[in-house]
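Q: This is what each chain is made of:
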Amino acid sequence: MRTTLAYVMNWEPPDSNGGVSRRSLLAATAAGVTVSTSGCMDLVQGTIGQDNSGQLSLSITTVPADGDREGVQLARALAENLEAVGIDVSFDMRSPLEFHRAILLDHDFDLYVGRHPGGIDPDFLYDALHSAYATESGWQNPFGFARIGFDELLERQRSTDGDERREAVAELLRQLTREYPYPFVPICFPDEFRTVRPDRFEGWDARHLGTRLGYLGLEPRDDATELTVAGTDSRPSRNLNPLAAAYRGRGTIVDLLYDSLVTPAYGDDGGEYRLWLAEDLDWDDASVTVTLREDCRFHNGDALTAKDVAFTYQFLADTALGRADVPSPSPRYRGRAAAVTNVERHDERTLTLTTKAGRAASERALTVPILPRDVWWSQVEDATDQNQSISQGTWDVVTGDVPAIGSGPFELEDRSEGETVTLTRFEDHFTLREDDLPGPTVDRLRLTIDPGSLAAIETVQSGSADATMSSLETHALDQAREYENVELLESPSRSFYHVGFNVRHAPFSNPHFRRIVARLLDKARLVEDVFDGNATPTAVPVTDEWVPDDLAWNGEDPVAPFLGSDGELDVEAARTKFESAGYQYDSGGNLLARY
Amino acid sequence: MLVRVLLQLTVVVAVMTAVSTAAVVGRDRLSKTRREYRDRLKSAAPITGILAISLLFNSVAREIVPDLSWMIGWEVTEAFYNIEGGFVLWVQSYATPVATTYFSFVYIYGYVFLLVFPVVAYFALSDTRPLRELLTAYTLNYTLGLLCYVLVIAYGPRNMIPELAEALLYDTYPQYQHLTRQVNRNTNVFPSLHTSLSATVAMFAYRTRDVYPKWMLAAIFLAVSVAVSTMYLAIHWTIDVLAGLVLAYVSITLAERFVGRWSASDLIEEWPLVKRFAERWESLRR
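Going down the list, the protein sequences come from chains A and B. Residue 31 is where the first sequence starts when you use our numbering, and the numbers rise one by one after that. Residue 2 is where the second sequence starts when you use our numbering, and the numbers rise one by one after that.
Some hints could be false.
To be verified - Reference listing, derived: stretches of chain A covered by chain B, where coverage requires no fewer than 3 residues with Cβ under 8 Å from a Cβ of chain B:
id	stretch
1	86-99
2	115-123
3	479-493
Claimed, not checked - One side only, chain B facing chain A, incomplete, derived with CB under 10 Å:
id	residue
4	E64
5	Y82
6	R182
7	T188
Calculated directly from the structure, the hints in this document are not laboratory data. Just so it is clear, the structure is predicted and the values come from calculations on it, not from any experiment. All C-beta atoms in this analysis are idealised placements derived from N, C-alpha and C, irrespective of residue type, glycine included.
Kindly generate the complete structure, drawing on both the sequences and the hints.
A: See below:
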């Protein structure tokens, strides 16, 4: 919670439009104290638990096959084994939007199966697991995980670099898997495939199609002026608020509308990040001085200056801008932006960010979208003038469909719910002036929403689109391979399937219980059965380069090996495990909720 | 893509309707229709208006229904699966490429034809009562169905058990999903409106068997095919299909009662305001 306090106190009061009052400062202090006691949250007994017979019953939240055909199969495989050990299991099937609302905003679940966006850098674990975020809405700590001592490991990987950091990450993963059993179990990284048509554009494989750079710098053939991509996620057509956690997946469309200081560039020739809005970064020990590119503008014509950058970091820390009793951090980007503790403006184009992080985590903090100050100020004013209650992560400003005004290479032209999102080239974008940067090479970028991967492939195959923007579901891969006029493109995958536990309540507040449930998953088998082998089973939520040898997949899970063999659960062994963890069975073989 | 699918649908159904009209309705009735169509239109106009309004209302309401039903609805997917077990899987165990093609055709084209043709056929009768009852029953099907969709959230088999129940229609012909998602959400499976409307048409066909004996046979055959197709294609549970049959029965029974009770001419006589409106309308038309 120190983070929030430091924030509020270091901020220069925003000029003119009202500042951080003394009252809200005091209130923020009080909030800091309250929230910091939230570590004992999971001592509170949950409401879930037992049916009339006393049997433990659990509900698995997941997305139906239309939204995620693989996810629901993983959920059913887990349910089958939970039933086998005497637990009553039901399903809570929700649309992708409702699923994310339940998990990220309402924390209304026992356990869920879904896809985590993962991260280009293991620092995403800071957002996912820091106890300061246990009560917040958003992708930060939806599990409610809080352990004394663990936060220090997260801080350590954040504040170090190089080999020291590599070791810190390894130690973090070891502790996470052994000492502080997971609030979530990673299952596998599915291979990431897309189909592209080489006939109208070239250069598809130059940059990752899960990032903004993938759609820039493409070389049109025969004077093609319109790029059409097929997506299977309809959420961008309903809402384009960059902070709306439940509406965002990869957020690729939002990343084309908004710029960040640096941009992730994996799969590219450069390093992990490359300069984007920032023309130059001058790194010092605990700070970085940013020089913005000349003459950058937002889509409404306003100049993008250091003031907007400063505002963005302030706003992500408190979207209520001091108008609420307690700070109301953004449900997205909050964890990474927290590495920045102060911003000092020098002039219109230069500013210094003070960070309490090493180089790697600081760079990650520079990937947040830069928001136009005036637009968001008036959003906050409108909302507070209407006396809306400011609830963190769920109030209108961070969930509503705010005007999509960024500074990105494309601007929003038109949108029709469930059908299309049309973007047009932003002629003032800096990439059109700088030769060495990939920019928008088409007048128009159109996203058409298809109902599923197979339909999306067909849209590309028939020539109605040039590429699939969403990565393909496994069941569609065979079909994609059959078509001759489209290419199947593989990209590095950072996103993983996982089982998430709500550790705020029994039974998942009990680490022993979580550990045994983790061992009910035969990950290698699931990868074969559900993904046809088009996925990599894993014990940890980061990709190869960060995995220490002792945690590497070695044919079986090195941390939580499956209790059984060849997909067959050894029911007796599993039941014995539960019993030695203090759980009891009734005469009918049902696991009892009370323990 | 949607435009192409729609165009295809329109052409196919138009051809099917034209051929059937020639074969079933016959020249005599058509020429009589040419002479009497004004009066028939007038008598069917009120219910056609109500149907149109209810369809419009439906299309608007379906945007809101999902949100509403997430608030008050009752999630029953799993209960359905537990109750009926593997019946849908048993149906699918007989899957062949030919059967998939047939049932996909029936689900899309056969169904729309089944709804359109009787309107034409009954319009060709001097007695407009079957027509008015049919349109009333359509209205009731849609309205009561919508009510169920608000109260019950359920996903079909292809969504719940994709590893067992294949999404045969959308995997074989992904383009049709563009069409179906225009008219429906995937949580709207209880009851099966495909089944209820087809059964409604079949029951009417049975009642009018003296006039259109050939149509009765065709309608029953098609209606059964549609009902089976919803399960074969793993779009609906058997429970949805049974509920569809119940809805059809309820709709027909109510339609019969309503049409008997409130005929448009009575309304005009009994309600001065309506009468004045009707007279004004008449004078405007002249």
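Q: Please go over all the hints and tell whether each is borne out by the structure.
A: Checked hints:
1. Residues of the stretch 86-99 of chain A lying with their CB closer than 8 Å to a CB of chain B number 4, which satisfies the three-residue condition for coverage.
2. Judged by the Cβ-Cβ criterion of 8 Å, the stretch 115-123 of chain A is covered by chain B as claimed, because 4 of its residues qualify and three suffice.
3. Counting residues of the stretch 479-493 of chain A whose beta carbon lies closer than 8 Å to any beta carbon of chain B gives 9, which reaches the threshold of three, so the coverage claim holds.
4. With a cut of 10 Å, the hint placing E64 of chain B at the interface with chain A holds, because the nearest CB-to-CB distance is about 8 Å.
5. With a cut of 10 Å, the hint placing Y82 of chain B at the interface with chain A holds, because the nearest CB-to-CB distance is about 9 Å.
6. Interface restraint check for R182 of chain B: the shortest CB-CB distance to chain A comes to about 5 Å, inside 10 Å, so the restraint holds.
7. Below 10 Å, beta-carbon pairs count as interface contacts, and T188 of chain B has one with chain A at about 7 Å; its hint therefore holds.
In this structure, none of the earlier numbered hints is contradicted; all agree with it.
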